[in-house]
Amino acid sequence: MPPLKPGQETEFPAQALASQRGAGYWHSLVALAARADNLIGSDGDHSPQRRRMLKLLGASMALAGLPACTREPRDTLVPYVRQPEMLVPGRPRYYASAAVVAGYAQGVLAESHEGRPVKLEGNPDHPASRGACDAISQASVLSLYDPDRSAAVRHRGAIASGDELLRALGDKRRQWNATRGRGLAFVTGTITSPSQRARIDALRERWPEARWYLHEPVDRSGVYSGSRLLFGRPLEPRYHFGQVQVAATLDADFMQAQPGFLRHARDFTARRRPRDNSGDLARLYAIESTPSVTGANADHRRGLPYAQIEDAARQLAIATGIAVAAPRQNPLPGHWVDALAADLRRHPRAALVVPGDQQPAAVHALAHAINRKLDAFDHTVEWMEPVALDPAAGSLVELTQAAASGAIDSLVIVDSNPLYSAPADLDFAEIFAKIPWRLHWGEYLDETARLCHWHVPAAHALESWGDARAFDGSAALLQPLIRPLHGGVSALQLLQMLAEGRQGEPLKLLREFWKTQYGGDDFEHFWRRSLRDGLVPDSTAKAASAEPAADWAQKLPAPAAEPDEALTLQFRPDPALWDGRHANNGWLQEMPRPLTTQTWDNALLISPQLAAERKLRDGSLVKVTSGGRTLAVPLLTLPGQPQRALTLYLGYGRTAAGRVGDDIGVSAYRLRSSRNPWAVPATIEPTGAEQTLALTQVHHSIEGRDMIRTADLHSYRQNPHFAQHPAPELSLYPEPEPLPQGDDRHAWGMVVDLSACIGCNACVTACQAENNIPVVGAGEVARGHDMHWLRVDRYFPDPPVSPQPRTTFQPVPCMHCENAPCEYVCPVGATMHSGDGLNQMIYQRCVGTRYCSQNCPYKVRRFNWFDYTGSGAAHPALPPLQNPDVTVRARGVMEKCTYCVQRIVAARREAETEGRPIRDGELQTACQQSCPTQAILFGDLADSDSRVNALRASPLNYAMLEDRNTRPRTTYLAAVHNPNPGLKEAELDDE
Amino acid sequence: MSQNTTEKLLPEELTHGNMTERIAGLVLAPRARTRWRLAFAVAGALALLFAFCLAMVFSNGVGLFGINIPVAWGFPIVNTIWWIGIAHAGTLISAVLLLTRQPWRAPVARLAEAMAMFAIVCAGIYAIAHLGRPQLMHFLLPYPNTQDLWPQWRSPLVWDFFAIATYFVFTLGFLFFSLLPDFATLRDRARSRSLQIFYGLLALGWRNSALHWARYEQVNGVLAAVAAPIVVSVTGIISLDLAVSIVPGFHFTIFPPYFVAGALFSGFATVALLAVITRAMFGLRDLITRRHLDYLGRMMLLFALVVNYSYIQEIFTAWYSGDLYQRAVYIDRWTGPYAPAWWSMFVCNVLLVQLLWFRAVRRSPAAIFALAITSNIGMWLERYQILFTSVHASFIPATWGTALPTAWDALLALGSLGVFAFFLLAFVRLAPVISMHDMRSAIHRRQQQRERAE
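As given, the protein sequences belong to chains A and B, one line each in that order. Residue 362 in numbering that gives the first Met the number 0 sits at position 363 of the first sequence, with consecutive numbering throughout. Residue 350 in numbering that gives the first Met the number 0 sits at position 351 of the second sequence, with consecutive numbering throughout.
Hints listed in this document are in silico derivations from the structure and should not be mistaken for laboratory results. Computed from a prediction, not measured in an experiment: that's the story for all the values here. C-beta: ideal position from N, C-alpha, C; glycine also. Please note that the accuracy of each hint is not assured.
Unchecked claim - Computed footprint of chain A on chain B; a stretch qualifies when at least three of its residues, placed anywhere within it, have a C-beta under 8 Å from a C-beta of chain A: (1) 69-80; (2) 381-393.
To be verified - From chain A, some residues computed to sit far from chain B (all C-beta separations above 10 Å): (3) Leu280; (4) Thr886; (5) Gly920.
The shape of chain A in the complex, shown without the other chains (with noise of 0.2 Å):
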């Protein structure tokens, strides 16, 4: 037998994978292995010889039991021969770890089958998730199966080994030594890491002329400079929403996008949900610079450009009574502003004026300021020490001059891509060039990974210990669920590398950090605690006393000239993809925007009334030229834009993102500058051409239907019942129907609180990756075939011209009617009535002639009108990942809701082993479940304690459609808004 080649082995497969681009997947091994030409003894020789032949067949049976050879990790491997205690194979277990999103923890809780992670869940003891959980969160663990992440360390491109870089380092640390890291500079991302900050601080006094620079895209600049402004020192706030009765947002999207933000929509909704008619609701004003969720659920809401957010904000001061600088302009009605100041006096200690992060210091300085003359400092705010800055830090931009002047020589990129998500004006790419040694560590080969000499491939969070503090400071530890998939390494063995020059184990180093933290003495409770809670016992940050500075409304900058008559082009992080970073995630892309419903795509939000006066409708081509640099976008009309504010989302335009997330939109960074990073002024120019928008709805009135029924405090105090409307006699039996009656008869039905769903989406990625529903892709969306089983309905009840729309939000699952206009129609009997009333789709039953779709009134059902899972399909379901108790769904079938019946299953069954009925509120759907403010609620209808039968009975109740006598198990409960009494009539009057 010829010798095998020397590193055929190496590159067998994991070459040909990783340097695969664009589309290109495969079936197996062996086909990946015949395109390589890499089979074992393809030494040009093809033709058939019977000694040749012989060999080959002895030599596989000899191999056949090498791939048990591979060397046994040296960490204790529990084999299943001998079960470990509590783990029933079948039955998954749950982890506390924590999910980062742009540096602050969400804490969660992973479901992890035989070993594999499957499902993020919300923690219900972490004070940032409360057990919910947001989509970017849980859409992580299918990035951790990305076939597109970086599967080797790199050295100019080509894969090189462990060892190589470890000599590579050893040369550079010799020389940082000598020079005390002169030219030395790391660029991070926000790092809230406790364990990561004192490795990065103990790597800086070992090279003390070493830089640290920050570069988060969506960063939170203004917060700390703003406090820096009021109080002499940055701080950063901690709100509670549970107090508050007055709350008014100065671009502040707190529901959506500012950290802590689960908990802030779970404890605000809480106060604005009626438990009866005589309670008082919370009451929220936003005046925000592009529609957002929070404004959305606004009782009222005013929409600026964002340069006149602080025009507003400094009418509001003067309005409370704060002598500051009148501005040029007064952007809000007199009277608006006057009754909002009296509401928010009218509440001390409860009212709460909330600044946007994106917003510049001024603004936060004035909210602050407004907040202390409301009392609400230690009651609504409280201040502490910032969690995630460091103030020693530079920005991008200083770290361009530096490059720019030559001082630096070796730059270490820690999860940060620069190379797409710099600033236009700063020509970035061409200084990064310049430097002479570039280092690369995150987990997919990005921009910046491609132009770097050296890239290590960084664990996923679900593969790395780790930790990381929340909104409120408390800090959180970070467990691995899985052994790295592609051998990456951990962000604290990146900094153990860099500063030893050796790799040690992950887990070590970072309980080494935590020795050092705790102060008692049963660190192994402290730490055995800590990862099963998945929270550092009180590590919550201490508040500090903060009072404003004497003079800091001297220090205000002046009032921003008046606005020209351009047009003001604001940006956003994605609700979905938030900077880009999570462009290769099927999951997020395909996630229907809260406000637009887009998927897939971004697009120039404009107002219709702009649209409509340059004569432009959604999906029109436009050139958008700000800066002497223009990008085409297709627009995109949202009701409450403000008329001279056009908004493009960031986080689009990824040329090295994935296969997944490769020209997908356009990148506002390209227009973005460094100087004014949220808001530039911008032309914008019709090329006549179109584009389709994959949106998932496209009608938005609601046609003066009753789908959806709202009432003010003030009519829902006077009429109770607002939301029954009669129906007509609709059987001739006795009503209403019995249910079943004993202990193990169920009736399953499901009551959504429209007062408190905010229209985040979180539930629909949560349906998504529990029931493995697949993700078909840009064109498919727009041919109405989206896949989600739940669908968030948003409508602009008011004409679009309207200058302040509202705008309402329902969560549309399955209704699982009792009387299914779905169910008889089927010619096959692939959906049927099962005893506990669930509306069943049993799908190897379906031939797919579609019939339940047409005579489903809700429109809940989905149909696989392609093999949308399988290798050949254009994103292929990740087998690890699917979730073994749901079926992965055939070409051909039809799928709908299915009130998470495995889970039912599950929960019967651990009842029926315990022998005892199912408790109420055991058993929770992923919808439920992921709902930062609790706005599902799922329960046996059998159970008269339950409590969706509680709620069942308000009078908020109401079925959707009921006069097609369907008796839908899934309600709602009418939302009830809180307006101001004294500002309605004279909104009106000024509409």
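With chain A fixed as given, assemble chain B onto it according to the hints.
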């Protein structure tokens, strides 16, 4: 029918001998006419296209069609209903005209039966192509299986399945029985051994005995008597696919008679169309006379008026029900994204057919040809707008959307026309396009009448 009428329907010089000679000659001629060969080549190419499109749909999925949620039924169902409608007039002309002893039936009956046969084939293929998993269509059959699973009898689709299957079997039998005496004629006139065997087998030993004729008349009478209820029930049941649902725009009790009338309207139009084509292609102007066209035109007008009455009823019901959703569907039909389809249908089925009130129009082959085409387009548009407008914007505004046909829809529809033409052309080459024995009886009756007159 007066003697006068019968006279005008048959050419004076027609005798048993020359009639048989001409019609059998069309089949037994060694070389087909050039026009036929051209048409056959085109139809064959389109049939191949149809096969290719079907293969693509079966291997990729029904997502190739322009359908989605909310519009989950598209071209396949539209075309199924359309083809079934065309099939109906075939059966009805042959059977009902037989039962009512219409003397003008003979020359067009065979054509109508053949048309019914091949239209039902197209309809059946479309119904299968519509399924998401056509390989499992036997689930609709009540066959014994270990899981004791039966189809669900409450679903109109099961009724539909049986209706189409019954209709297929019936049409095949009806066509074949009526061909027996003619096959025997061909067997006896064929020169080559192979053709003698071929037609001999098809003729099932027909010997022209009185007993055979007695049996034949019995069978034909029974089948014809069964035909009328079958025609009404098949289209009625297909309309129930829509009417049984709760979808506004589908849910009308008027649908069964409305659909039967619509089917007969388009069916008579198609027979007229084929009659004009056959006249021209095979030089049968003397056998299929203008008078025949006149009668076909009258039938078209009659059923068009019934269809128009149904439109009025449908609109009235939507308004009179007071139901928000029913009314909205109608407003949308007139003003929504599919409004062009509704208004085109209105022009074809309501306005243009009124020309048939004029005798000159009914007797003009060109005018009948044009009106037959517009009527078929109109009836196709009627099904299209019913299926698309009713669901594209139904109850919940957030689910509203449109589905537009894809290239596959268009190619498959074109291909199905090709398949229909292909089978029909093959049929007229293999079997007499006009029933020779019916013509013989017509000539015989004329002679009898003349003798009686003398």
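How the hints compare with the structure:
Counting residues of the stretch 69-80 of chain B whose beta-carbon sits less than 8 Å from any beta-carbon of chain A gives 4, enough to reach three: the coverage restraint holds. Counting residues of the stretch 381-393 of chain B whose CB falls under 8 Å from any CB of chain A gives 3; the rule of at least 3 is met. No Cβ of chain B approaches the Cβ of A/Leu280 within 10 Å, the least distance being about 26 Å, so the stated non-interface status holds. Look at A/Thr886: its CB is around 15 Å from the nearest CB on chain B, clear of 10 Å, so calling it non-interface holds up.
Listed as a non-interface residue, A/Gly920 keeps its Cβ farther than 10 Å from every Cβ of chain B; the least gap is roughly 30 Å.
Comparing the model with each earlier hint shows no violations; every hint is respected.
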